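Read top to bottom, the protein sequences are chains A and B.
In terms of this note's numbering, the first sequence opens at residue 87 and continues consecutively.
In terms of this note's numbering, the second sequence opens at residue 4 and continues consecutively.
Calculated from the structure, these hints are not laboratory results.
From a predicted model like this one, the values you see are computed outputs, not experimental measurements.
Fair warning: there could be bad hints in the mix.
[What the hints assert, rightly or not] Which residues of chain A face chain B? A few of them, derived with a C-beta cut under 10 angstroms, are:
| # | residue |
| --- | --- |
| 1 | GLU125 |
| 2 | GLN129 |
| 3 | ASN131 |
| 4 | ARG132 |
| 5 | LEU135 |
| 6 | ILE139 |
| 7 | ASN144 |
| 8 | TYR206 |
| 9 | ALA210 |
| 10 | LEU212 |
| 11 | MET218 |
| 12 | PHE228 |
| 13 | ILE229 |
| 14 | ALA233 |
Beta carbons: idealized from backbone N, C-alpha and C, even for Gly.
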Amino acid sequence: MSSERTSPSDPHDASSPTPETAAETPAGELSSALAALVEGMAQGNRSSLARAISVVENERAGFQDLLHTLLSRGRAGGTRVGITGPPGAGKSSLVSAFARLCRRGRQEVGIVAVDPTSPYSGGALLGDRIRMNDLATDPGIFIRSMASRGSLGGLATTTKEVMDVMDAFGFPRLLVETVGVGQTELEITGAADAIVVVLTPESGDGIQAMKAGLMEIADVFVVNKADRPGADRLVKEIRSALKLRSGEVPGAGSGHHGPAGHHGPSGAPSPAPERKEASGDRASEEPEVERWVPPVLLTMGQTGEGVEELVQTVDRHREWLEGSGELDRRRRRRTADRIRDVLDRELKRRVRRELARESVLAQALDRIARGEGTPYSEAAAFLELMGVDPAQAPLPAGGDGAEAAR
Amino acid sequence: MSETDRKIRVLVAKPGLDGHDRGAKVIASVFRDAGFEVIYTGLHQTPEMIVSAAVQEDVDVVAMSVLSGAHMTLFPRVRELLDAEGADHVLLTGGGIIPEDDMKELEKKGVGRLFGPGTPTTEAVRYIREWFEENRQPEGV
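This is chain B alone, in the form it adopts within the complex:
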């Protein structure tokens, strides 16, 4: 495997107490089929668990599925912890039932694009690919 086709590593995380992980599982499969290396950690993840996994796995992207309405807390919290761990180069994106105003608000806080219900999964794949091409770290680090 040459590093020219370096794999994009994505952590797919499902925070919160609800058991609705279908979306997370679907997107994890879509990412795998797109050629990404997906780390899926299962249900009930706390922001601390998510960030700890993101650091250890040295991922490029954290994609969170938030359906509980707690997105205004969860996304900023994970962003904050990522930055505190020196993982400010990691893209935080995600999806769920998130009103557009909230998406804009979160974007100002350093969160990437968020995807609402009904978004074709290919759009998320394209977004991550494009982000990766523009932002990938220089080789050697």
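For reference, chain A alone in the conformation it holds in the complex:
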């Protein structure tokens, strides 16, 4: 039984062979099946949560209405932490240790772990749960594995929305773990308030970390597998790279890492937010707020060493996010991105469907074959047909998504 992803408000849906749950419901009104899921979630039913996630993950009929309903209930508000880093850095073990510590404080934790889909078979082997077995029967933990399904940003296309569903369920803590990433898979910024970048002494030299991407999105750096040779060197390299970025001269300004007494057991300085001082700072026109300098921590995910400090650091970061107004800024940015994503998806879907109608595409191809058009003229004509005046809709000149970048 197949159905198109339908927007209930779309006039064409009435004629498409969608199941009874799809179409014809006005926007925002749920089918009875989806309403039952929302009701089940409100009562804390985990099967309902699991099924609601599937609806969103598979973009089944009504999924946008489901999200709309869940978001309007206003229950969301958990702290969202994203864990990213190269393959084999120990992300899953770290997530597991992190969640275990949260559970000591009786906090319930929702986890989304993404693993890659094979580009050849379309299948996926999702193995993150292997490292989380000690959480397996804890009723305060909910783990969902997702396959990336061809998305290249380190998450699946619907991971952010799945996070929203889990958030709406009421978890005070949410963790999302990306696919093992390289340097530019940065979708995670759209899914979490705080980003932890996990590296290992084997991750390569500091130059890797200085390349664009991971370095710029990290709120906290973790050098995992800290017992391996090269860990301390990597910590130093990351710190000096951070200083270069913030325009500091390496080695200068010893008082930049907060009171010396706050040094952690691993020797990592405590992450005290810095007062912005230099008047020549490039961001000096912005309101005077404390700047967050990403701390670099040492951990051993498997034994749990250093993880307590990581949790504390993430909590401190959270306080900073709230106190500085950065949390609101990030969420606004994220919401803007979400609106763009939803529009992109919706427009793409409609364009595809229109193109599939009555050999519109075939006619265009014939005209091009006769030399009467080019792909560009045909696309413009098609836009006009859809009611978009091409002249009014210039393509963005590379500025698109600029707001998305931090």
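Position chain B against the provided structure of chain A, taking the given hints into account.
Below, chain B alone, put in the same frame as chain A:
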């Protein structure tokens, strides 16, 4: 990704105290290559762990590898727990060293087809595909 090619989600589970997970790993890879989304949870799974994972992951199928001889306890127990959690729509299948009489016995208890040693892996894939086509849930739920 359109929902017309909705992925089949399978939990591959290895219960019991033995460390023989080769079969489970092989079948997990075969399922991945068949285009399934496979959740593999590693060794030493209790029935409770398996069912908890199956519910959270909202899988279509639970495939257990049982080589320890404990299949007459493990399969019915997992079936029971699945049903108790409202996951009675989930197919429970599996493989291992299981005598044919036991397979029949388990089938009566709501367990799907079980595969003995030497079964071509393609047979398990075909079985799951066919089951999925016949039993997949209506869209929207």
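Against the structure, the hints:
no.	hint	result
1	GLU125	violated (13 angstroms)
2	GLN129	violated (13 angstroms)
3	ASN131	holds (9 angstroms)
4	ARG132	holds (6 angstroms)
5	LEU135	holds (8 angstroms)
6	ILE139	holds (7 angstroms)
7	ASN144	holds (5 angstroms)
8	TYR206	holds (8 angstroms)
9	ALA210	holds (5 angstroms)
10	LEU212	holds (5 angstroms)
11	MET218	holds (9 angstroms)
12	PHE228	holds (6 angstroms)
13	ILE229	holds (6 angstroms)
14	ALA233	holds (5 angstroms)
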